[in-house]
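J.: For the record, the sequence lines run as chains A and B.
In this text, residue positions in the first sequence follow the numbering used here: the first is 1, and each later residue adds one.
In this text, residue positions in the second sequence follow the numbering used here: the first is 1001, and each later residue adds one.
Hints in this document: simulated from the structure, not taken from any laboratory.
Be a bit skeptical, because a hint or two may be false.
[Unchecked claim] Below, a sample of chain B positions facing chain A; criterion: calculated Cβ distance under 8 angstroms:
1. E1022
2. L1032
3. K1111
4. Y1257
5. P1287
6. P1290
[Stated by the list, open to error] Pair ranges (Cβ atoms, derived):
7. B:A1226 with A:Q75: 29 to 37 angstroms
8. A:R200 with B:E1030: 30 to 38 angstroms
9. A:E194 with B:T1004: 27 to 35 angstroms
10. B:T1004 with A:P55: 37 to 45 angstroms
11. B:E1140 with A:D215: 41 to 49 angstroms
12. B:Q1254 with A:Q18: 51 to 59 angstroms
13. B:K1137 with A:P55: 52 to 60 angstroms
14. A:D11 with B:K1137: 35 to 43 angstroms
Beta carbons: idealized from backbone N, C-alpha and C, even for Gly.
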Amino acid sequence: MVETTGEEIKDYYKELEQVEKKASERIIGLEREAFLKEYAPPTDTTLKYPKDYDPTFVEELKLIAGGERIDFCYQCGTCVGSCPAAAVTSFNPRTIRRMAQLGLREVISRKDLWYCTTCYTCYDRCPRDSKLTEIIAAIRNISTREIGIGIAHKEVARLVATTGMSITVTEKIASLREDLGIKKDFPAKMKVNEAAKELRLMWEQTDFMKIIEGD
Amino acid sequence: MIDTDYNLYLGCIAPLRYPGIEVATRETCERLGIKLHDMMCATCCPAPGIFKSLDKATWLVTAARNLSIANENGFDVLTICNGCFGSLYEANQAIKGDEALLKSVNGVLEKIGRSFTPKVGVRHYIEILYNDVGLEKVKESIQRDLSDLKVVAEYGCHFLRPSEIKKFDEAERPKMLDELIELTGAKSLDYPEKLSCCGAGGGVRSREPETSLKMLIRKLDSMKKAEPDAIVDMCSFCHLQFDRGQKEIEEKFQKRYDIPVLHYSQLLGIAQGMSPEELGMYAQETPVEPLMEGII
């Protein structure tokens, strides 16, 4: 039996700290593509991996802020018991997380990956502080890059890119605003539409325009 | 002495779907001696459930841009929607004390001639009333007795969680909104699913509307057992989910609840003597008229 020493545990946490720091540095700039090019999966043949195990996927998750605690879960199920979506559908956040932890990339194409409302109840109650809500978001980030953006979300993102706001101004609302005496400042006078130009420029930098453009 | 100036961050839903909430916020603040400054060129926060799920970097820089606008006059940001509060607060916290991240964010902001350093606080209307204005002063502003009113409170998730960074109230047993409701004379009823999500967030309402409504039904069923006259929320997006959602549930699932929905600013506006028309309440999907007829 191999014993874990106190020093090894200390080293482990030191290493984790480094990973967490890197994740935050890497949130901007899409080092992901460079990483995917460079990354060489472990070649240790003494370990048996499941057939669909993709170590690159696990490492990729750790690149996105919040994804670095992917290994922390011990499958207690507190998240499932706390989850409002799990209460009304077959959605199981523990399953999603386990798949990711096992390097099963197919998790990115699950329909129910998008059932999480990001209420952060599982995040708060997790005895391992494993930050599940952020991990689900990180899996969704990869899903968006690889499979693409959902139609409804694309519409919202495009609306923000063109108008600065996530919803349209209807005639009914415009006249209601006038009736209520608050027509004056918003959104035209507050230059929200002009601000959208700035968003598009920023989103070019984060490589996000590519995601919301095209059919 | 409290700081009485704040930047009003409107977000999208209040001004463009429930302008009554915007009016109620402006008016109730004015009556409490709070001066609100409009944030020129502010955009969508951006919607945390959608943007954080799509691309965390894009979410972060967009929120940082909005915060950089508040830095211009240096006043704290007052939000009226938990989505906006969550996005801006979490972005602010993520950047605070992380120089590498701050540098990356500024690398993007530079392209549009802006820069950001975490300076102002991101606050919520409810927490400002509770902490800065104080219950006593809010109570003094009340003109109309609402003691016949029984309501259920909806805190919304992103005001309370993740609780490791949001320490305004107890995440598992919050009290701020309940206390603010009860100082108007109204009674805040307890109900089992009080802390459950309304089902709107995370991009679920737009992408998976049926799942979203199922979560709402679970919550509404629990509320209904308490026999409330109204739901009082503190988030424009929860407000939209409850108000429009009831109509959608009726269409899709043939279930009716008919529980009127009030943002706390609207409840306070009524208590301060304003009319429901002034507060845009009669333009909502689930009728508020029958409730108001009994009160005024």
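J.: Evaluate each hint against the coordinates.
T.: Outcome of the hint check:
no.: 1; hint: E1022; in the structure: holds (6 angstroms)
no.: 2; hint: L1032; in the structure: violated (18 angstroms)
no.: 3; hint: K1111; in the structure: holds (5 angstroms)
no.: 4; hint: Y1257; in the structure: violated (16 angstroms)
no.: 5; hint: P1287; in the structure: violated (16 angstroms)
no.: 6; hint: P1290; in the structure: violated (21 angstroms)
no.: 7; hint: B:A1226 with A:Q75: 29 to 37 angstroms; in the structure: holds (36 angstroms)
no.: 8; hint: A:R200 with B:E1030: 30 to 38 angstroms; in the structure: holds (36 angstroms)
no.: 9; hint: A:E194 with B:T1004: 27 to 35 angstroms; in the structure: holds (30 angstroms)
no.: 10; hint: B:T1004 with A:P55: 37 to 45 angstroms; in the structure: violated (56 angstroms)
no.: 11; hint: B:E1140 with A:D215: 41 to 49 angstroms; in the structure: violated (58 angstroms)
no.: 12; hint: B:Q1254 with A:Q18: 51 to 59 angstroms; in the structure: holds (56 angstroms)
no.: 13; hint: B:K1137 with A:P55: 52 to 60 angstroms; in the structure: holds (59 angstroms)
no.: 14; hint: A:D11 with B:K1137: 35 to 43 angstroms; in the structure: violated (54 angstroms)
This entry does not satisfy hints 2, 4, 5, 6, 10, 11, 14, going by the numbered hints stated previously.
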